[in-house]
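Throw the hints in and build the complete structure from the sequences for me.
Spelled out, the chains give:
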Amino acid sequence: MADNIIRIEKVTKQFAGGAKAVDDAHFNVERGEFFSLLGPSGCGKTTLLRMIAGFEFPSEGEIYIDNQASSLIPAYQRPTNMVFQSYAIFPHLNVFDNIAYGLRKSGLSGGELKRRVNEALGMIKLDGFGARRGDQLSGGQRQRVALARALVKRPKVLLLDEPLGALDKKLREEMQIELRQLQKSVGITFVFVTHDQEEALSMSDRIAVMVKGKVLQIAPPQELYEAPGNVEVASFIGSINLIDVTVKSVGAGEAVLDGAGFGQLRARAIDDLKAGEKLVAAVRPEKLALVSSRPGSGSFVEGTVKASAYLGDRSHYHVFVKGRTTPIYVAAQNAERAMTGGFDTAKSVYVTWDWQSLILLRR
Amino acid sequence: MSAKPAHAPARMGDPGSGLKLFAIAYLIFIYGPVLFLPLFSFNDSIFVAFPLTSFTTKWYEQAFADEKMIGALISSLQVGGIVAVTSTILGMFGAKAVTRYQIPGQGLITATIMLPLFIPEIILGISLLILINSVGISLSLITVTIGHIMLCTPFAMAVLSSRLHGFDRSLEEASMDLGETPWMTFWRVTFPLAAPGIVSSLLLTFIVSFDEFLLSFFLAGQEPTLPVYIWSQLRFPNKLPSVLALGALILIASCVLVVVAEWVRQLGTSEQKVGV
Numbered sequence: 000m001a002d003n004i005i006r007i008e009k010v011t012k013q014f015a016g017g018a019k020a021v022d023d024a025h026f027n028v029e030r031g032e033f034f035s036l037l038g039p040s041g042c043g044k045t046t047l048l049r050m051i052a053g054f055e056f057p058s059e060g061e062i063y064i065d066n067q068a069s070s071l072i073p074a075y076q077r078p079t080n081m082v083f084q085s086y087a088i089f090p091h092l093n094v095f096d097n098i099a100y101g102l103r104k105s106g107l108s109g110g111e112l113k114r115r116v117n118e119a120l121g122m123i124k125l126d127g128f129g130a131r132r133g134d135q136l137s138g139g140q141r142q143r144v145a146l147a148r149a150l151v152k153r154p155k156v157l158l159l160d161e162p163l164g165a166l167d168k169k170l171r172e173e174m175q176i177e178l179r180q181l182q183k184s185v186g187i188t189f190v191f192v193t194h195d196q197e198e199a200l201s202m203s204d205r206i207a208v209m210v211k212g213k214v215l216q217i218a219p220p221q222e223l224y225e226a227p228g229n230v231e232v233a234s235f236i237g238s239i240n241l242i243d244v245t246v247k248s249v250g251a252g253e254a255v256l257d258g259a260g261f262g263q264l265r266a267r268a269i270d271d272l273k274a275g276e277k278l279v280a281a282v283r284p285e286k287l288a289l290v291s292s293r294p295g296s297g298s299f300v301e302g303t304v305k306a307s308a309y310l311g312d313r314s315h316y317h318v319f320v321k322g323r324t325t326p327i328y329v330a331a332q333n334a335e336r337a338m339t340g341g342f343d344t345a346k347s348v349y350v351t352w353d354w355q356s357l358i359l360l361r362r
Numbered sequence: 000m001s002a003k004p005a006h007a008p009a010r011m012g013d014p015g016s017g018l019k020l021f022a023i024a025y026l027i028f029i030y031g032p033v034l035f036l037p038l039f040s041f042n043d044s045i046f047v048a049f050p051l052t053s054f055t056t057k058w059y060e061q062a063f064a065d066e067k068m069i070g071a072l073i074s075s076l077q078v079g080g081i082v083a084v085t086s087t088i089l090g091m092f093g094a095k096a097v098t099r100y101q102i103p104g105q106g107l108i109t110a111t112i113m114l115p116l117f118i119p120e121i122i123l124g125i126s127l128l129i130l131i132n133s134v135g136i137s138l139s140l141i142t143v144t145i146g147h148i149m150l151c152t153p154f155a156m157a158v159l160s161s162r163l164h165g166f167d168r169s170l171e172e173a174s175m176d177l178g179e180t181p182w183m184t185f186w187r188v189t190f191p192l193a194a195p196g197i198v199s200s201l202l203l204t205f206i207v208s209f210d211e212f213l214l215s216f217f218l219a220g221q222e223p224t225l226p227v228y229i230w231s232q233l234r235f236p237n238k239l240p241s242v243l244a245l246g247a248l249i250l251i252a253s254c255v256l257v258v259v260a261e262w263v264r265q266l267g268t269s270e271q272k273v274g275v
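Listed in order, the protein sequences are those of chains R and E.
Numbering-wise (numbering that gives the first Met the number 0), the first sequence opens with residue 0 and increments by one.
Numbering-wise (numbering that gives the first Met the number 0), the second sequence opens with residue 0 and increments by one.
No lab work stands behind these hints: they were computed from the structure.
Keep in mind that the hints are not guaranteed to be accurate.
Claimed, not checked - Below, a list of computed lysine-lysine pairs in the DSS-like style, where the Cα atoms sit at most 30 Å apart:
(1) E:Lys95 / R:Lys152
(2) R:Lys124 / R:Lys183
(3) R:Lys104 / R:Lys152
(4) R:Lys155 / R:Lys213
(5) R:Lys9 / R:Lys155
(6) R:Lys211 / R:Lys247
(7) E:Lys95 / R:Lys19
(8) R:Lys277 / R:Lys213
(9) R:Lys104 / E:Lys95
Stated by the list, open to error - Cβ-to-Cβ under 7 Å is the rule here; a few derived chain E residues that face chain R:
(10) Asp176
(11) Leu177
(12) Pro195
C-beta atoms are modelled at their ideal positions from N, C-alpha and C, and glycine is treated no differently.
Right under this line is the structure:
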């Protein structure tokens, strides 16, 4: 069995007079892992994080932190520390005292405490900022101080509540890389809450996708993107084309399907497929390509370009296919330099793909 | 005063000077009468009227010699001090409860605590008097203090809730997350951050109590507070000048107090604490 630092066992949180914020969550977080809770706002991810921190308590179920049942342990006795969304830098204390705040009861000597805080300041590259007050720091610096203040306690688990949400795009991307490196070097388990899927995909070892209080899928980033477990996860992570299909026949590892507007389709079979079963075939826009003449073989469908957008590195097309109400979304890489070209609106085109890129999902 | 829109850019000064005039008139209206207190307190005449006669400090000597008046002053200071501290503590509990926890019936609880602000004092005074008499407690400064606490707690709670609303709740959570108990969190985070509100609350409740007449009048018994004593002396014209002298001193003390409080508040916000 893997070494699980956090075990969330059938946890439900129901606020007075409200819907279930977290509905029967059941999963583990491994020691040393960078684990993300990803979902739209209001999906319960922050509530789940706050239950791990001890600011909220489960209505049902139990959270084990390092094999200890936590429901009777208050926040101030838990081996977890948190980086708050607002950073919560104490405005009446300077940077040094903010970072030293949690060490007061640790029994460190004055010199040792100073050394630990200065070491933390070095870690976040804010040497010499100890005497500054919180309101004299930029957003990125405040975020670093909040991080140092939590890490200096050497927690078993660091909880991060959308810590990069308030930063501008460039700084956010820098901090993503820095956070990931920091996590690797300190070896502490990170539980990271975010609504930003790119952030989650680029940083995490594993991601739990939450929608409306339910954990829909837990998987490493690549698996989540390339093999989503259901339609909801598939449409939440990135964009995707969904095609309603009916199974015609099932062969060795391969299924033949009938798709609205697509005619016959091939896809990799999934478990327990039966002829006549209705499913959804999903395909990512970047797995599709456009050609102007009819391909001799392979998977393709004829359509008309309805709209196009040139985005520099890539172009996006909406292709209308007869028999479908929603257009097919194609993202084409502009791999070659071209001053003209692309596919004009109203032009008749063929959308092609490798048959193995189709993902079969049950509703 | 009525600048035409077309001329407005050239006559930008006009609205400002009108406002200035209004501000000056307003200040005179508010503070003018108060300034007569020190003026007549140095006037060598038993009649509080113009023209002024000659300068004297005898009313101050008379005021300090009046043991009953000094006794009433001390009573008022004692009551005010106890009321300020007690109602600020109670107000803090109340403010913390309504701003930090979700309590069933919260609106009703807040309304109940705030209600004394909206009940006419004379009604409060009479009903308290009836209650205290029927319980059989004799009237004294203690009953005045109880009445004043009842009156002042809503003021304290209003000041402190707005202060507690004003700062990020996650600051207190961060403190607990970093290992401090709720009690230490209060002292290390809530208290220093609420300090300006606490100072305001202490001042406000002290002033309300010090100044309060109706409740004290009903509940004081044989130990008058200063306002009650002054009211009782207004029948004797020869006492009036020494009342003015005391009034002038209180006025100066209030000014000093407010200036000091503001200074402390500013010191608190700009201070840089070093070390743990």
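Hints versus structure:
1. E:Lys95 / R:Lys152: This hinted pair holds, its Cα atoms lying about 28 Å apart.
2. R:Lys124 / R:Lys183: holds, 17 Å
3. R:Lys104 / R:Lys152: Satisfied, since the Cα-Cα distance of roughly 11 Å is no more than 30 Å.
4. R:Lys155 / R:Lys213: holds, 26 Å
5. R:Lys9 / R:Lys155: holds, 22 Å
6. R:Lys211 / R:Lys247: violated, 35 Å
7. E:Lys95 / R:Lys19: holds, 27 Å
8. R:Lys277 / R:Lys213: Holds. R:Lys277 to R:Lys213 sits at ~25 Å (cutoff 30 Å).
9. R:Lys104 / E:Lys95: Holds, at about 25 Å.
10. Asp176: holds, 5 Å
11. Leu177: Nearest chain R Cβ about 3 Å off; hint holds.
12. Pro195: Interface hint status for E:Pro195: violated (11 Å vs cutoff 7 Å).
Hint check: violations occur at hints 6, 12; the rest are consistent with the structure.
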